[in-house]
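J.: Residues per chain are reported as follows:
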Amino acid sequence: MRGYGLPVGATAIVAAVIAVVEPGFYRPANLHVVMQQYAVLGLVTIGQVLVLLVSGIDLSVGAVMNAALIVIALMNHYNENLLLLSLVLCILLGAGVGVTNGLLVSLRDVPPFAATLGMTACVQGAILVYTLGIPAGNIPAALRPVALDGIGIVPYSLLICLAIGLIVVAFLSRGTYGRMIYAVGRSPEVARRVGISTTTVRVSAYTLCGIFAALAGIILSAYIGYVDPAIGGTYNLQSIAAAVVGGVSFVGGEGKPAGALIGALFLLALLNVTTLSSLNPFAQLIVQGVVMLVAVSLFHLVKRGSFA
Amino acid sequence: MSRDLVRIWSRRSRAGFAGVAAVLLALTACGGSSGSSGGTKTYTIAFISQGTSNSWAAQLDAVARKTAKADGIKLVYFNGQGDATKQLPEIDTAIAQKPDAIVLVPLGGAADTGPVERAMGQNIKVILCDSTITSTNYTSLVTPHAETATVPLAQWLADKMNHQGNLLYIGGLPGNTTTTTYDQGFNSVMQKYPDIHIINAGNANYSISTAKQLAATAIASGRTFAGAWGVGGEAVTGMMQAYVDAGVTSIPPIGGNSATNGTMRLAIQHTIQVASLQFPPTSSQVCIDTAFKAAKGESVPKSINLSDLPQYGPIFPPLDKYYKSQYSDDMYVGTDSVLTFDELKAINLVK
Numbered sequence: 221m222r223g224y225g226l227p228v229g230a231t232a233i234v235a236a237v238i239a240v241v242e243p244g245f246y247r248p249a250n251l252h253v254v255m256q257q258y259a260v261l262g263l264v265t266i267g268q269v270l271v272l273l274v275s276g277i278d279l280s281v282g283a284v285m286n287a288a289l290i291v292i293a294l295m296n297h298y299n300e301n302l303l304l305l306s307l308v309l310c311i312l313l314g315a316g317v318g319v320t321n322g323l324l325v326s327l328r329d330v331p332p333f334a335a336t337l338g339m340t341a342c343v344q345g346a347i348l349v350y351t352l353g354i355p356a357g358n359i360p361a362a363l364r365p366v367a368l369d370g371i372g373i374v375p376y377s378l379l380i381c382l383a384i385g386l387i388v389v390a391f392l393s394r395g396t397y398g399r400m401i402y403a404v405g406r407s408p409e410v411a412r413r414v415g416i417s418t419t420t421v422r423v424s425a426y427t428l429c430g431i432f433a434a435l436a437g438i439i440l441s442a443y444i445g446y447v448d449p450a451i452g453g454t455y456n457l458q459s460i461a462a463a464v465v466g467g468v469s470f471v472g473g474e475g476k477p478a479g480a481l482i483g484a485l486f487l488l489a490l491l492n493v494t495t496l497s498s499l500n501p502f503a504q505l506i507v508q509g510v511v512m513l514v515a516v517s518l519f520h521l522v523k524r525g526s527f528a
Numbered sequence: 018m019s020r021d022l023v024r025i026w027s028r029r030s031r032a033g034f035a036g037v038a039a040v041l042l043a044l045t046a047c048g049g050s051s052g053s054s055g056g057t058k059t060y061t062i063a064f065i066s067q068g069t070s071n072s073w074a075a076q077l078d079a080v081a082r083k084t085a086k087a088d089g090i091k092l093v094y095f096n097g098q099g100d101a102t103k104q105l106p107e108i109d110t111a112i113a114q115k116p117d118a119i120v121l122v123p124l125g126g127a128a129d130t131g132p133v134e135r136a137m138g139q140n141i142k143v144i145l146c147d148s149t150i151t152s153t154n155y156t157s158l159v160t161p162h163a164e165t166a167t168v169p170l171a172q173w174l175a176d177k178m179n180h181q182g183n184l185l186y187i188g189g190l191p192g193n194t195t196t197t198t199y200d201q202g203f204n205s206v207m208q209k210y211p212d213i214h215i216i217n218a219g220n221a222n223y224s225i226s227t228a229k230q231l232a233a234t235a236i237a238s239g240r241t242f243a244g245a246w247g248v249g250g251e252a253v254t255g256m257m258q259a260y261v262d263a264g265v266t267s268i269p270p271i272g273g274n275s276a277t278n279g280t281m282r283l284a285i286q287h288t289i290q291v292a293s294l295q296f297p298p299t300s301s302q303v304c305i306d307t308a309f310k311a312a313k314g315e316s317v318p319k320s321i322n323l324s325d326l327p328q329y330g331p332i333f334p335p336l337d338k339y340y341k342s343q344y345s346d347d348m349y350v351g352t353d354s355v356l357t358f359d360e361l362k363a364i365n366l367v368k
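These protein sequence lines map, in sequence, to chains D and Y. Going by our numbering, the residue at position 241 of the first sequence is 461; the numbering climbs one at a time, nothing skipped. Going by our numbering, the residue at position 71 of the second sequence is 88; the numbering climbs one at a time, nothing skipped.
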């Protein structure tokens, strides 16, 4: 629980401040919207955390999300019977991108930043070559309830996100796989000496990240309901920001997925409140930037204090 | 033996050289791939597009390529990737190629001013397409007069709102001159009605998904909106989708630009009152033609108002006559006035 102190504390403070400044945030309809949007960011963030923990970074999650939308839209253009197959293909595509990223980083020693940025260019390029910049097709009606419907105000998409989050938290905190992830992130050399296959661990982290990004792309497609080829545009940086705000380190081996999920909630609440406040959009950006800087600085101050 | 070989080689090589020379002469007489000869010159025009970012830009590019082919121009394409900072180095690269003219779709009004002035300083004609810069040092500006074109739409919206109530506003791309001029037209109307309260939900950056998320949040806030306004067809579409998904039965009138086939479909399907600007990406036809004339040394107007063309102008309900069910949602209303069915099919715009 100690590692979650700051994100939990920060979120509690933010929740209290929001109640005073923008009580409309707590309207069920708004909470429903926040949950719909959180399901997407949460999934991408879980994947990003896995990669950050093995001292990597994945800048191709947005491209995978875009590709998922294109696969769904094109395959279901004339025949919605292909929905299930298209979803499986999305997952395989995400896994494929992840495996490639992992292999480039592990076996070819390509810096993660360059490998995943290059992969983004490849995926985006493939989308453009295939669609000529104008993707035809539709988001099938059968897919939309995943994001729009749910139990009470809780959308199914959030339940999917939380279920995956819980599984990842359990694996990382209790299982052998979690110990290997942290070991590779802290010191690949030591991990290798104790018999851990750093390549397998890294590739698996990138693969899971790709799969979660594809899942997030599917859920976002269901939520937006319209073919927008740039659907994943902001999620590369948002997922990294959420993880960092939630206490995950850039240098690897440090941070917890639950903290990152709280960081994602913090980030989304911030975006939601600044939108609700109907501030000038330029002022909204300043507020978002300042609050994030304060949150991250505070985290590092507290962390330094706790190790002193 | 070796002397015979030399003689044979010499005869063959002479014949070969003569053949090559004849082909080269013939090519030169036909104009070749570039350069001038015999009074015919293939002009090179650098087309610095908004680039691979959304379907509007893709349609703009398709029309530009068609026009260049028809004019016999060598069109060199530079991809702005929908981002002003990525477009800037592309402009400098284009200038370095010393083309006869540049057609630029400016993404950053202020940022693009320096490179445009550098090009003009090197006697390269610069045609600004659809948006402008913060200087008048260019050859020609081809654009609808967004400020005036927006006024009837904003007035329609204000009237529909009975000049009172909350208005949900979603903006375009910060720093983009088209966005700024649309805003000027919109604000010039709205400032006459103090009882209309504009609720700014943020900028969608011409993205449907961003617009939908912003609108969904605004709708869920519990405020009631008597009207809505979106800068860009993407914002209008995103807002409509958000209202439909939120299950709002009485969707307020929505104004904005630019009209897409999808905007029309959603409006008709869900009985939403929508007024929109017909602003198809066919402007590149006029831009390329103007650049061609300028490159040839012909005089071109400093400003060409696209609003005078028949395919530009406001669209008000009923919208049935604007919706073309054979085309995809991404087609901008009016693009089919320039591209044929087969050309639209080639760029995925036919269902």
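Everything labelled a hint here was simulated from the structure, so no lab data went into it. The beta-carbon is built from N, C-alpha and C at its ideal position, and this holds for glycine as well. Any given hint might turn out to be false.
[Stated by the list, open to error] Stretches of chain D that chain Y covers, calculated by requiring three or more beta carbons in the stretch to come under 8 Å of a beta carbon on chain Y:
| # | region |
| --- | --- |
| 1 | 273-285 |
| 2 | 346-356 |
| 3 | 399-410 |
| 4 | 431-445 |
J.: Which numbered conditions among the earlier hints are violated in the structure presented, ordered from lowest to highest?
T.: 1, 3
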